[in-house]
Structures are given as C-alpha cells and as structure tokens.
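**Student:** For reference, the chains in residue letters:
There are 2 protein chains.
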Amino acid sequence: MKTIQIAHGSGGQAMQQLINDLFMQAFTNPWLNEQEDQARLSLAQFTAHGDRLAFSTDSYVIDPLFFPGGNIGKLAVCGTANDVAVSGAVPRFLSCGFILEEGLEMATLEAVVTSMAQTANAAGIAIVTGDTKVVPRGAADKLFINTAGLGAIPADVQWGAQSLTPGDVLLVSGTLGDHGATILNLREQLGLDGALSSDCAVLTPLIQTLRNIPGVKALRDATRGGVNAVAHEFAHTSGCGIELHEQHLPVNDAVRGVCELLGLEPLNFANEGKLVIAVRRDAAEQALAQLRSHPLGHEAAIIGDVVERKGVRLTGLYGIKRTLDLPHAEPLPRIC
Amino acid sequence: MKTIQIAHGSGGQAMQQLINDLFMQAFTNPWLNEQEDQARLSLAQFTAHGDRLAFSTDSYVIDPLFFPGGNIGKLAVCGTANDVAVSGAVPRFLSCGFILEEGLEMATLEAVVTSMAQTANAAGIAIVTGDTKVVPRGAADKLFINTAGLGAIPADVQWGAQSLTPGDVLLVSGTLGDHGATILNLREQLGLDGALSSDCAVLTPLIQTLRNIPGVKALRDATRGGVNAVAHEFAHTSGCGIELHEQHLPVNDAVRGVCELLGLEPLNFANEGKLVIAVRRDAAEQALAQLRSHPLGHEAAIIGDVVERKGVRLTGLYGIKRTLDLPHAEPLPRIC
Chain A
1 MKTIQIAHGS GGQAMQQLIN DLFMQAFTNP WLNEQEDQAR LSLAQFTAHG
51 DRLAFSTDSY VIDPLFFPGG NIGKLAVCGT ANDVAVSGAV PRFLSCGFIL
101 EEGLEMATLE AVVTSMAQTA NAAGIAIVTG DTKVVPRGAA DKLFINTAGL
151 GAIPADVQWG AQSLTPGDVL LVSGTLGDHG ATILNLREQL GLDGALSSDC
201 AVLTPLIQTL RNIPGVKALR DATRGGVNAV AHEFAHTSGC GIELHEQHLP
251 VNDAVRGVCE LLGLEPLNFA NEGKLVIAVR RDAAEQALAQ LRSHPLGHEA
301 AIIGDVVERK GVRLTGLYGI KRTLDLPHAE PLPRIC
Chain B
1 MKTIQIAHGS GGQAMQQLIN DLFMQAFTNP WLNEQEDQAR LSLAQFTAHG
51 DRLAFSTDSY VIDPLFFPGG NIGKLAVCGT ANDVAVSGAV PRFLSCGFIL
101 EEGLEMATLE AVVTSMAQTA NAAGIAIVTG DTKVVPRGAA DKLFINTAGL
151 GAIPADVQWG AQSLTPGDVL LVSGTLGDHG ATILNLREQL GLDGALSSDC
201 AVLTPLIQTL RNIPGVKALR DATRGGVNAV AHEFAHTSGC GIELHEQHLP
251 VNDAVRGVCE LLGLEPLNFA NEGKLVIAVR RDAAEQALAQ LRSHPLGHEA
301 AIIGDVVERK GVRLTGLYGI KRTLDLPHAE PLPRIC
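Residue numbers (full-length UniProt numbering), protein chains in the order written: chain A, 1 to 336; chain B, 1 to 336.
Here chain A stands alone, though its shape is the one from the complex:
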C-alpha cells in the first residue's frame, strides 16, 4: 500500500514527484502550471468585475475525512468559496496548503484531491498556488487542509452587517444543522446513517440571485456556531437585537431527531451550505422568492426580525420569548 512518507514534504525529489503526479494533474491551470513560488493573477480580471478584492481563509481539520455529502477536500473548497461569496464576490482563485501525516494512505489523499478539483472546477474556481508539509506519525491526525480564496466584489454591492436597522428581516436559505448532525451521527454512532447528509455546497449561484435586490443588506454562511452565531454577529455589529421564530425554522426530521435525542439545539449546529440573509422588510418576499427559485434555496424561510432591543431571542412555539445565548462551545470538535 502506497503511503505518504516524510520525504514527500522535504523539498527534494519525492515532493516534486508528488506535486507533479498528483497536484499538478488534478488542479491543472495556467497559473499553477507556471510553477513559480507564487501565482501571478492579472489584476484586470478582478477590476473587470468589481472594485474590491474579497480575501478569506479557513483551515479544515474535520474528523472523519469522508462523510455523507462530502469529504475534507470538498469542504475546503466550499467553505472558503462561501466566505468569499457572501461578500457578493464570485470566488475565482484558491490557494491550498496540505499538512499530511506520515503513513497517510496515498489513495486517501488522491480521493480528497480529486474531490477538491471536481468541486472547484464545477464552481469555476482555479486552485493556483499551494504547499505540502508532511509531519511524522502522531504529529497530526491524517490530513489537514488550508485554503485561502479571492474574488472581486462588484462596486454596486455593499453588503455588511453594520447597515442592519430595526424592521429588517432575517432569512435562511434552507434547513438548519444538516452538516453538524451528519458528523455528530457518524462520530457518536447514533445509527441515523441513511437519513442524514451534509449540505456542503458552493453557494455562489444562490448568492448571485440576490445581487440585484436593493434591499439585501448582509449575508453570512452559517458554519461553526450555526445560525445562532450569525444572529449574534449581526446583533453585535449592528448594535440592534435579533428575534428568531422557532416555528419558522426549517429543520429536517432526522436533524430534529438527533437534537431531541441529545437535548441539542439545531440553531447551534454547523451548516456548510446555508446562508443567513438580512433584508429590508419590503424586499423580504422578493429575496425569499429568488432563493426558493434555486435548487440550493428551495427550503428558504423568513426566520426572524431585527429589533431595537439588544440581544438575541427565540420566540417559542407558544409565543414565549427566551434569550438565546451564544454557547461557550459547540457540541463537538473537528466539525469542519
């Protein structure tokens, strides 16, 4: 069985061979193929589409590496692409840094890299620069990936949470907690394997449906910390409060099952393909219709309001409001 050796990260022949045989084959594009120490990207291709560069990074340490709906490679493309895309930019370029544990099966790395390449290609994203490190057995757990992403923000898009005011409305683009519940089910062996799948997806096409709606004010993808964390960020940045309505929260039955089983709250669960959107009230129906017209948003819903009174609250099924604190921690580590 072919495995990753220390030599694959050493700067010598073994590393060059891994780069040539795997990464250059899978990710091939004119920028990467130059094989300089940096990708050289024409600035004209950014200025043609916007006036600002969106730049974001995430490291991915998810355990297990493969899960229903995706794997660490797909996640590493989707997650960073989405962090760029919620600015209104179309993500175009990614960097990619691998940290590999000695002894990792080459077939595992190949499957991850192939999935990254497929996800990136399908989204029109080029992986243009990269790095590979190998650490001895036990110094890392199998495989970590970092990606950083770039895209141009159109001049007419000025989304940001500081513009929220009381009266605005909160939407979510679909069901809550699918990614988090999927990983929890795998890790805790809850036995719901057929019913759960990560929502891991590049959201650019869904986000672009919102671009020409003037009332759209701010977007976030609700990853670690879930929709609750986004509500707290929106509240903090705008100086307003947020009130969510429990009865309007879209949640899959299996996710609700996991939550009830473990006494957890789907609002706190990680998503990897869901947006939270703040819009002016008079634009809410239009935004909702746009979201629902796209396959990635067909279960979109209006879930709450921006209000004067600070804090984040949840109105329960019987109309009683309770404060939603941001938990100290999420239910489980290595969710993404």
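Some hints here could point you the wrong way.
The list cannot tell twin chains apart, which means a pair is met if one copy fits it or any two copies do.
[What the hints assert, rightly or not] Here are the simulated SDA-like pairs of lysine to any residue, each with C-alpha atoms no more than 20 Å apart in a straight line:
| no. | residue 1 | residue 2 |
| --- | --- | --- |
| 1 | Lys142 | Asp63 |
| 2 | Lys142 | Arg334 |
| 3 | Lys142 | Glu102 |
| 4 | Lys310 | Gln16 |
| 5 | Lys2 | His328 |
| 6 | Lys142 | Ile6 |
| 7 | Lys142 | Glu101 |
No lab work stands behind these hints: they were computed from the structure.
Once you have looked at the hints, place chain B on chain A.
**Tutor:** What follows is chain B alone, placed relative to chain A:
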C-alpha cells in the same frame, strides 16, 4: 496555567473571546476590524502599484516552535512574504490560519502571535483575515500556522525562470544553510548553540534594490531543499543547465562545521532569508553591488552560471565537476 481548550475553536463564546482578546489586539487594522467573513481590499491599492496580483501560501509546522533567530510566527510571516516578494511585488496583506492542539499554553500562542504582529508591522504587512481551529490533544503537535499573501507586481517587472539562457549568472544573497543548521543543531543537540542563528527575515527591501536592474531575470528564496533545489527548478523551467562553484559558496563556519560533522551539504540546507538570483552576465556586478549595499545582502556572492548542457553540477575546490542530484529528501522533517 491558562491553556487552549477545545472550546476555543468551536464558534462559540470562547472562540470569540480568544479572537477579541488576542488576535484582534495584536493584528489590529481597518480590514480585520470589520470582522466580516472576508477582508475587503480596495483593488485601487493594487492597481496603483502593478498589473498582476502575486498570491502565495505556505503552512508552517516547524519543530521546535522557538529557535535562535525566530519562531514559527515570525517564520509564517517571513516565509509567505518572501514567496510573494520574489515576484517583484511588495507583499501587503496576509491571511492567517491557526491549528492549535488542545492544552497548548496560552503564553506560547501569545508569544507567537506577538512575534507575527511585530514582524508584519515592521514589513508594512497587514494580517487582514484569519481562522482558528482547535484539535484534541494528540491530533496535532502544539501549533501549526498557514499564511497566504498578496501583493501587486509592477508592470515593468517580468521575472521568471523560463527566461534564463546560457551565459546568465547565478547569485546568492548571503551565507547558505543558516536556518537548516540551526534547527538541526537544536533537534540533534549538537552543542553549537551560540554560533548558529536562523536567517529568517522579510526580504522585500533587499529584493526592491534589484527592481531597476534590467538584467535581473529570476528570483527565488532558497527554503526547503536549499540552493540546490532552486538550481534544479531554474534548470528544469529554463531547459538549461546550472553549474555552481564550490569555492564561491558563502557558508558560515558553524554551518560548515555541522555539515562536516554529519556529512551533509550546505547547498541542500534550508534558508529562510536568502535569495538565489539569475541575472544577465553584464548585470551581475551591478546586482552584486546592490545586494551588498543592503544589510540583508552584505555577504552576497556570484556562485554559478547558466550553461547549455542540462543538469546541475558543482565544480569542486580542485576544479573537478560533479553532478548535483536533487536529494530524495532533506536531512530532517519539520524544518519550516
């Protein structure tokens, strides 16, 4: 003793507090302070200085975290800044992703972050977007960092190894192998502690001295794999050969001592603050003078030639040429 907990990477309150109390304090700048999911960088500040964006990434897994001349944080700024700067760009912006092991001492993280901030500030670089992941004890070794960097390449700079032709000359900006020998000494306890120090440095000011010399053709910083790896890259990309002259290689006494002790070759040792530069022969003296006029380049030397005959060769002290293969692996893992 305060340590990193799983909660610090969870997307909840503990993570928000770590971000606010440590990262936002140390790295503070207008882009980071917006606390959106992505930094938003005016494209005008790139187009004012060039026509192409240089984009590069590296992950840092060095062991030990602290060493004479630097630490993993300083290295994570210098290494990526240099990969951007060798294109001719002035590196301006970095992203930063931390992977932390549960139980890491908070004081260790603080020292690393402080060093990153100091190194970046001194080089005019802003750390504008970031990410923090925490993995359980044993799933990573203490602390890994990824950085990705951006800068604009001036339109009149067209450096690249494909332009090398026979007759060109190779320069190095100073002594070989200081970083590699320093880490090797620490790890193998060779007892040369006072005499060795990493050359870890941001090379932008040194590189900028070369910008207006028309005969400069290609630059690399000689990190993993050392000057030998750069010579092989230059040879491979240009389709030419490279001949180096042993008697002209600048090597510190202590580094030479480590090499003789262990039967190793300073040409293969990692550097973190040394350039290899290919120039037209008629520009070599001017480039050498420019390099030597700068503190980071005062031991610069002409070390070799680009030749017709393919391959990389070393002319020894007695004039005998031998082929320099690219080793299968470097002397030690986790060098950077």
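**Student:** At most 20 Å between C-alpha atoms: does Lys310 with Gln16 qualify within a copy, between copies, both, or neither?
**Tutor:** between (55 Å within a copy, 18 Å between copies)
**Student:** At most 20 Å between alpha carbons: which applies to Lys142 and Asp63, within, between, both or neither?
**Tutor:** both (9 Å within a copy, 18 Å between copies)
**Student:** Using 20 Å as the alpha carbon limit, work out where Lys142 and Ile6 are close: within a copy, between copies, both or neither.
**Tutor:** both (13 Å within a copy, 19 Å between copies)
**Student:** At 20 Å max between alpha carbons, let me know whether Lys2 reaches His328 within a copy, between copies, both or neither.
**Tutor:** Answer is between: at 16 Å across copies they meet the 20 Å cutoff, but 42 Å inside does not.
**Student:** From the Cα coordinates, with 20 Å as the cut-off, is the pair Lys142 and Glu101 best called within, between, both, or neither?
**Tutor:** Both: 5 Å inside a chain and 14 Å across chains, each within 20 Å.
**Student:** Is it within, between, both, or neither for Lys142 and Arg334, if the alpha carbons may be no more than 20 Å apart?
**Tutor:** both (13 Å within a copy, 16 Å between copies)
**Student:** When no copy is specified for Lys142 and Glu102, does a C-alpha distance of 20 Å or less occur within a copy, between copies, both, or neither?
**Tutor:** Both, since 8 Å and 17 Å are each at most 20 Å.
In terms of the numbered hints stated before, the structure departs from none.
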